[in-house]
Structures are given as structure tokens and as C-alpha cells.
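Peer 1: Chain by chain, the residues:
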Amino acid sequence: MDEGQRTPTLSIDSKKCTGCRVCEQICTFSHEREFNPRRARIRILMREKEGINAPLLCRQCKQCLSACKRDALSWDEGISVVRVDRDKCNGCGLCIEACAYAAIQKDPVTKKVNICDLCNGDPQCVKWCTAAVLSLTGGVRDASQSETTNR
Amino acid sequence: MAQWHGWMGTILRVDLSTGKITKEPLSEDLAYSFVGGRGINSKILYDETDRATNPLGPENRLIIGTGPTSGTLGLGNGRFTMTVKSPLTGILGDGSGGGHFGAEVKFAGYDHLIIQGRSDKPVYLWIKDGKVVIKDASRLWGKTTWEADEKIREELGDRDAKTLCIGQAGENLVRYAFAIAQDERVAAETGMGCVMGSKNLKAIAVRGSKSVKAAHPDQYLEIVKKWFEDVPKQHMAALHKKIGSPYLIKVFNQVYNLGIRNSQQLHESEEVLKKLYAEVNMPKCLVRDIACFSCGHACQKFLRIDEGPYAGEKGMRPEYGCTASLCTQLGVFDFAFSLKVTNLANQFGIDAQEVGPTMAMAFECYQRGILTRKQTDGMKLEWGNRKAILELLRKIAYREGFGDVLADGCLNAAKRIGKGAEKYGYHIKGKSHCDRLTAYIPCVMGFALASRGWDHLRGAVFPHITAGGPPKFWDYDPVYPKMVTDREHIDTAADCLEICKWLTEFELMEEGSGGVSRMAEVLSALTGVDFSEERLHKVCDRVYNVERAYLTKMGLTRDDDVAPHHFYDQPMPEGPSQGRTLDRQKFEELKDIFYELRGGDKKTGIPKRETLEGLGLKYVADDLQNMGACGEVK
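Chains A and B are the protein sequences, given in the same order. Residue 1 is where the first sequence starts when you use the numbering used here, and the numbers rise one by one after that. Residue 1 is where the second sequence starts when you use the numbering used here, and the numbers rise one by one after that.
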């Protein structure tokens with residue numbers, strides 16, 4: 001299938017990432033109306049001594065769906081995202097282990113997991129990113145990352 | 001207290017002598033009167049230390065302050081302030097750093113940390129939300145700041161923990177040793193690392209999972225969004241984002257005010273300087289832009305040198321202050337060396353802006369035969385001798401040989417060297433600086449009147465940068481004191497909210513207020529407390545007066561509010577100002593106006609009782625009166 005035709009996905013150019021973590025901040029704010037990077041659905045991996053910053057976020061690969069034993073994760077065909085049923089999730093962490101992109105965090109407040117929902121098709125992190133790291137495209141096309149993290 | 005917004009509502013106090021850990025509620029009165037960061041820190045320092053406090057004794061306080069905006073979304077929100085009674089100057093000492101440490105303190109649930117006492121063995125503090133542990137640091141002692149940071153995060157098994165470390169300089173009580181967050185974000189001035197070393201405290205590591213809340217989330221987001229949109233439009237913003245502070249080398253050189261070879265020279269040819277300019281040399285070693293927490297402005301750069309004698313050197317782009325202090329003032333003009341030497345200072349934990357001028361004093365003494373190779377452990381302190389600079393930096397960090405002489409600061413070192421060395425050691429209130437800028441009077445006023453000694457971030461108004469219009473030199477315009485107090489308010493507000501000065505006094509200066517009105521707006525929406533611009537100005541008045549009263553308590557008078565002696569007695573060596581000096585009488589007249597504007601006594605500069613009482617600081621007036629420094633109410 002032509003990638004351009006696919007449902008919108010976040011594209012990452014991690015070489016440009018400054019590590020400002022504005023994406024984490026706006027993500028938590030949009031979903032929870034407060035500031036706390038640990039509640040974000042995106043996070044920045046930082047290796048300060050090498051000057052490396054890399055956004056970790058969901059690529060909609062669906063690996064986590066089968067890992068969940070409680071049927072708390074489901075696939076939303078409409079906008080192609082994983083949905084978390086907070087009533088069913090018990091924060092066991094099996095999906096966190098299954099995620100190849102280290103993109104799932106356990107929320108320290110709810111004790112359930114948070115997974116990127118692309119803000120229902122209008123991702124705020126893309127809007128707020130000041131370094132043009134994130135963009136909304138038809139598919140994940142981050143050459144620098146996909147080779148190393150895509151096991 | 002109901003729910004706190006912006007503030008977390010807790011001050012963490014750790015006594016390293018007894019191991020006692022207490023969580024004290026932040027009082028509304030303190031929060032509303034001093035806001036946070038430097039403001040609350042200075043108030044705590046005023047209350048808990050006095051003239052008898054030994055800066056290196058267990059009774060000194062190490063206060064770390066975040067601001068209400070720390071940890072929230074917003075430009076330049078990554079700052080924190082450390083405050084102590086300074087081992088370098090014996091007065092108020094504080095240093096402000098950036099990065100991610102301040103935000104993490106908030107996420108752990110605290111607005112301020114107060115560390116007192118002294119551990120009998122090396123320790124570090126591990127703060128993980130409500131859990132606070134004093135951990136053994138024996139195996140970290142003797143390590144550089146970079147190694148300590150790495151080892152601590154390894155030991156804790158948490159790569160996302162944020163650390164604040166000292167290096168060998170802090171351990172060995174170098175009086176201007178600093179503490180550094182995340183390898184490069186330095187709380188540099190006036191010896192924070194030295195006080196940590198005196199307490200046997202190698203580091204503080206923090207990790208938090210709590211949320212910072214806004215009282216009016218939507219309104220707060222709107223203001224922040226506008227700030228994000230407005231900053232790139234300011235005329236300074238693009239240059240600053242691209243180059244960062246090192247563009248000042250060129251600016252100061254153009255006006256014959258770049259300090260070279262201990263300020264014996266104030267201008268250098270473009271031919272020579274182009275080897276040092278970041279504009280010219282940075283593109284070939286630039287890896288990427290780096291930001292502090294939540295700052296889309298991202299003015300820092302990660303660099304890697306690929307060729308030449310410093311190939312393999314990597315780290316953050318040195319700031320103007322580091323480059324001027326450790327390169328031009330020592331006669332080196334090489335961009336790669338500026339990274340090498342700044343990295344070394346950062347690893348040992350030494351304030352570049354203090355050690356550079358101190359070394360420059362020694363180099364000039366060597367030039368003039370006051371110092372000989374016998375006294376310098378055989379080192380040739382010749383201008384531009386890179387090997388000697390690097391070696392001397394190491395010796396200072398370990399207080400080894402001649403390094404020990406320089407480890408107590410420029411003033412003390414000059415006294416120890418003797419034979420007239422003091423003539424070449426430049427300081428205000430015991431603190432050195434790399435700048436000369438004598439010709440621009442409002443800038444010199446800011447230097448002279450700053451509460452922590454020679455300082456460019458507390459009222460100094462700069463030529464070509466923030467004054468607007470062409471700079472006027474050697475002009476004692478009576479409007480200058482007002483320009484300085486205005487700038488003080490911008491800086492103080494920024495320090496209390498803990499917002500970066502590049503995003504306030506510099507980037508938003510075209511708004512006139514430098515962003516005080518915007519900061520008041522931010523504060524109101526965030527905290528839910530109605531901070532009008534006027535109310536925020538009152539906070540700034542309070543901070544000024546508490547700091548001024550502290551200096552008075554330490555025995556300082558208006559005679560200490562002076563420019564470095566060479567501004568008065570050494571004629572400008574070259575350029576359009578050649579032969580001129582600062583006019584002491586005219587400068588003192590401007591100070592009279594300044595003190596009056598500040599509500600102080602015109603003759604002494606000491607805050608008047610009515611000023612203090614008007615700010616709710618009656619007890620400060622009483623303190624001063626008990627010392628015979630503050631009069632009765634009329």
C-alpha cells in the first residue's frame with residue numbers, strides 16, 4: 001500500500017530533537033490538564049554526554065494488543081490507534097514489556113498505562129514541537145531510528 | 001491550605017549532621033511575598049544566617065529554590081537558584097542554573113530544599129518523591145562532576161534521575177567551586193560547590209512523579225502559547241538562538257570593551273578573533289541544538305571537535321563568559337580551546353568566570369615580574385600558554401602548589417602574592433568578572449550595586465543589546481539609576497519565577513517592561529493568586545531590600561558599592577575612550593539617586609524603616625535598628 005495513503009501516523013526526525021520536552025508537557029496537559037512528564041504518552045530519551053535526544057512514542061505496531069491479558073487494549077480502526085480501557089487495565093506492565101519502542105509509560109497518578117492516541121487525529125506534540133522533529137504523515141519514516149530500534 | 005497551584009507547597013529540610021529530614025509546609029505569606037527561587041532563598045538566608053555564620057561551617061545553609069513556573073510548560077522554565085552565605089565573598093552568594101534539575105525537584109514535590117549541618121563522611125542526597133535518603137558517596141569522592149553524575153544514575157538504576165554534582169574543586173574547598181546540573185548546567189557564581197564540599201555533600205539526585213497544576217489551565221496555556229509565538233519575532237532572538245551568548249565577543253570588541261590579557265587590551269583584529277568566533281567556527285563542529293527543560297528556544301548547542309589538537313572533545317558550547325574569562329583574558333584565541341578549557345572547568349567544578357580573571361591577574365603579575373617561575377611551580381604564565389592554563393586549572397582544583405594560592409579567589413590570591421599584585425586583581429565585593437565595559441555607565445552601575453558582587457545579571461544595562469538606540473558612552477545621565485532599577489525588577493522577577501533571563505530581559509525587552517507584565521500574567525494564571533504587575537514589582541522591592549539588609553548585616557556600606565578599582569584609576573588603554581576613567585564623584589551622585597529611588601537612605605544606601613514597613617518587613621527594620629543602621633519611624 002502506498003504509505004501516503006495510510007492513516008496518519010507520527011513521523012520522527014530525531015536528529016533535530018533538542019530535548020526540550022515541550023512535547024511531553026503538552027501531551028500530559030492535553031490529556032490530564034496538568035504538567036507531569038511521567039503522565040505523557042511521549043517521552044524523550046536523553047543521553048546528555050553524547051548530545052543525543054530521541055522521542056519515544058507509539059508507532060501503532062499493535063504488538064501490545066496481544067500482550068494484554070485483561071483485554072484492556074483495543075484497536076480503534078477509525079483513526080488507527082490503540083485505546084486503553086482504564087477500567088480494565090490494572091497496570092501490570094505486560095504491554096510495557098512487549099513494546100519494542102519503549103513508548104508505554106505507567107501513569108504514576110492512575111497507576112494504569114498511557115498509550116498515544118494521536119489526540120484523536122490532531123496530535124498536540126506536532127503542533128508544539130519547535131524543532132520540526134515531529135510531523136504527521138502517512139507512515140513512520142525515521143531512517144535514523146527505524147534501523148536501530150525496529151527489532 | 002487548599003490545593004496549591006504552581007507551587008508544590010513543601011520545603012524539604014535536611015540536616016546532614018543529625019540525618020534529620022523534615023518536610024515543612026510552604027507558608028502562603030512566604031509564597032505570596034517572595035514568590036520563589038532567588039526571592040524565597042534570599043529571605044531564608046537572611047533569617048537563618050548572620051554575620052557570625054562561617055560560610056564553611058555546618059551552620060551555613062545551602063538553599064535550592066525552584067519557582068512556581070518550574071516544571072510547567074513555558075519558555076525558559078528550566079532555572080533554579082542555589083543560595084548560601086558565600087565562602088568567596090562572605091556575603092549573599094547565589095548561583096542560577098538551567099537544564100532539567102529544577103523541574104525535577106518540583107515533580108518530586110518540593111519548592112525549596114534547605115540543607116544544613118555537615119556529614120562526617122562523603123554523602124549524596126537521593127530524593128525520590130517523598131522518599132529522601134542520605135547515601136554513601138565514598139566511591140564518588142575524587143571524581144569529576146561528569147563521572148559522579150554517571151555513577152550516581154548507574155547506582156540508582158535510574159537514567160532519568162537528575163543530578164547536581166560537585167567536582168574535585170568543591171571537595172577541596174576552592175572558594176569559587178560550583179555545582180553543576182546534568183554535566184553543563186552550572187549554578188556558577190560565588191561558591192555553591194565549595195559549600196557543598198564543606199558539608200561533605202557530593203551531589204543531590206532527584207526523581208519525581210508528581211504533577212504541577214495550573215489554577216487556570218486554559219488561560220495559562222494561552223499566555224504560554226503567545227510567548228512561544230512572540231519570542232522568535234524579537235530582533236535578538238534569531239541571533240541568540242543560532243549562536244548563543246558568544247556573539248557578544250564581536251559586539252564588545254566593536255565598542256573596544258572586550259577584556260583581553262587581563263583587560264590591558266580591549267580590542268583585537270578581526271583576523272585574530274575569527275579563530276575564536278562561534279559564528280565562524282561552530283558550524284563545522286555543531287552536532288545539534290540543545291534545550292533546557294520546556295524551552296522551545298533551545299539556545300544551547302552540543303559540539304564535537306573532529307580535527308586539530310582537541311579532536312574528540314565534545315560538550316556544550318561555552319558561553320560568552322567562559323570564553324572571555326578563559327580565552328581572551330588569558331590571550332588565547334581558539335574556539336576549539338574554549339570548548340576544551342570550559343569542559344575541564346566543568347568537570348573539576350570551577351566557575352570559569354571567577355577562575356579566568358583570577359588566573360589573568362596571576363598572568364599579569366608574571367608579565368610584570370611580580371611573580372616568577374619559582375613561585376608558579378615552574379609554569380610559564382605567559383599570555384596564550386594553553387598548557388599552563390590547563391595545568392593551572394588542575395592545580396587549583398586540587399589546591400596543589402601555586403593552585404592553592406589562586407583557590408581562594410582573586411582578591412585573596414593577590415594579597416598572598418603581595419608586591420602590589422592587588423593592583424591587577426579586579427573585583428567588586430570580592431567577586432571577579434571578565435567584563436570591562438567601563439565606558440557604559442548604566443552597565444557599571446549594575447555591576448557596582450548588585451547584591452552578590454560584580455554581576456551582569458542583576459541590574460546591568462548593556463550597550464548595543466538591551467538599552468535600545470545607540471549606546472551613549474561616558475555619560476552620567478541622571479536617568480540611569482531608573483534604568484538600573486527597572487532592569488533589577490525584570491531580573492528579580494525572572495529569578496523569583498525562575499524563568500531564564502534570555503527569555504525575559506533580553507528577548508522581550510522590546511515590550512519595554514522586559515516582560516514583567518507578562519510574568520505577572522503568567523504568575524496569576526498559574527497560581528490563581530492575583531498578581532498584578534504592581535504586586536510583582538512589590539515582590540521585587542522586597543527581595544532587593546532583604547538582600548540589601550543582609551549586606552548591611554554583613555557589615556557592608558555604600559563604599560562597597562563601587563566599580564572595580566581599575567575603572568577609576570587605570571585609563572582605558574585604547575579605542576575611542578583611550579585615556580578616560582570613571583569619574584568617582586559623578587558616579588557617587590548617580591548612586592545617591594539610585595538609593596533614593598530604592599527607598600533607602602541617600603547617604604548610606606541602607607533601607608529606611610518606612611520602606612521596610614511598607615513592604616511588611618518590620619522585623620528587618622528592627623534588626624537594622626538594633627545594629628544602629630536603621631532609624632525610628634518619623
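Treat the hints with caution; some may be incorrect.
[What the hints assert, rightly or not] Some chain B residues close to chain A (C-beta under 8 Å, calculated; not the full set):
{"no.": "1", "residue": "TRP4"}
{"no.": "2", "residue": "GLY71"}
{"no.": "3", "residue": "ASP183"}
{"no.": "4", "residue": "LYS210"}
{"no.": "5", "residue": "LYS213"}
{"no.": "6", "residue": "PRO217"}
{"no.": "7", "residue": "LEU221"}
{"no.": "8", "residue": "VAL287"}
{"no.": "9", "residue": "ARG288"}
{"no.": "10", "residue": "ALA291"}
{"no.": "11", "residue": "PHE293"}
{"no.": "12", "residue": "SER294"}
{"no.": "13", "residue": "CYS295"}
{"no.": "14", "residue": "ALA298"}
{"no.": "15", "residue": "PHE302"}
[Said to hold, decoys possible] Ranges between beta-carbon positions, derived for each pair:
{"no.": "16", "chain 1": "B", "residue 1": "GLU48", "chain 2": "A", "residue 2": "LEU45", "range": "36 to 46 Å"}
{"no.": "17", "chain 1": "B", "residue 1": "ALA311", "chain 2": "A", "residue 2": "LEU45", "range": "26 to 36 Å"}
{"no.": "18", "chain 1": "A", "residue 1": "VAL109", "chain 2": "B", "residue 2": "ASP530", "range": "56 to 66 Å"}
{"no.": "19", "chain 1": "B", "residue 1": "PRO58", "chain 2": "A", "residue 2": "SER74", "range": "39 to 49 Å"}
{"no.": "20", "chain 1": "A", "residue 1": "SER74", "chain 2": "B", "residue 2": "GLU48", "range": "36 to 46 Å"}
{"no.": "21", "chain 1": "A", "residue 1": "SER74", "chain 2": "B", "residue 2": "SER138", "range": "26 to 36 Å"}
{"no.": "22", "chain 1": "A", "residue 1": "ARG33", "chain 2": "B", "residue 2": "VAL272", "range": "52 to 62 Å"}
{"no.": "23", "chain 1": "A", "residue 1": "LEU45", "chain 2": "B", "residue 2": "ASP129", "range": "14 to 24 Å"}
{"no.": "24", "chain 1": "A", "residue 1": "ALA100", "chain 2": "B", "residue 2": "GLN234", "range": "41 to 51 Å"}
{"no.": "25", "chain 1": "A", "residue 1": "LYS15", "chain 2": "B", "residue 2": "SER138", "range": "36 to 46 Å"}
{"no.": "26", "chain 1": "A", "residue 1": "VAL109", "chain 2": "B", "residue 2": "GLN625", "range": "42 to 52 Å"}
[As the list claims (entries may be wrong)] Derived coverage of chain A by chain B (criterion: at least 3 residues anywhere in the stretch with Cβ under 8 Å from a Cβ of chain B; other residues may be distant):
{"no.": "27", "stretch": "42-51"}
{"no.": "28", "stretch": "74-84"}
{"no.": "29", "stretch": "114-123"}
Treat the hints as calculated values from the structure; they're not laboratory data. Since this is a predicted model, take the numbers as computed values, not measurements. Each residue gets a CB set at the ideal place from its N, CA and C atoms; glycine is no exception.
Peer 1: Indicate, hint by hint, whether the structure satisfies it.
Peer 2: Going down the list of hints, with the structure as the test:
no., hint, verdict
1, TRP4, "violated, 12 Å"
2, GLY71, "holds, 6 Å"
3, ASP183, "holds, 5 Å"
4, LYS210, "holds, 7 Å"
5, LYS213, "holds, 5 Å"
6, PRO217, "holds, 5 Å"
7, LEU221, "holds, 7 Å"
8, VAL287, "holds, 5 Å"
9, ARG288, "holds, 6 Å"
10, ALA291, "holds, 3 Å"
11, PHE293, "holds, 6 Å"
12, SER294, "holds, 6 Å"
13, CYS295, "holds, 5 Å"
14, ALA298, "holds, 4 Å"
15, PHE302, "holds, 3 Å"
16, GLU48/B x LEU45/A: 36 to 46 Å, "holds, 40 Å"
17, ALA311/B x LEU45/A: 26 to 36 Å, "holds, 27 Å"
18, VAL109/A x ASP530/B: 56 to 66 Å, "violated, 29 Å"
19, PRO58/B x SER74/A: 39 to 49 Å, "violated, 59 Å"
20, SER74/A x GLU48/B: 36 to 46 Å, "violated, 57 Å"
21, SER74/A x SER138/B: 26 to 36 Å, "violated, 52 Å"
22, ARG33/A x VAL272/B: 52 to 62 Å, "holds, 56 Å"
23, LEU45/A x ASP129/B: 14 to 24 Å, "holds, 22 Å"
24, ALA100/A x GLN234/B: 41 to 51 Å, "holds, 43 Å"
25, LYS15/A x SER138/B: 36 to 46 Å, "holds, 40 Å"
26, VAL109/A x GLN625/B: 42 to 52 Å, "holds, 51 Å"
27, 42-51, "holds (count 5)"
28, 74-84, "violated (count 0)"
29, 114-123, "violated (count 0)"
Violation of the numbered hints given earlier is confined to hints 1, 18, 19, 20, 21, 28, 29; the remaining hints are satisfied by the structure.
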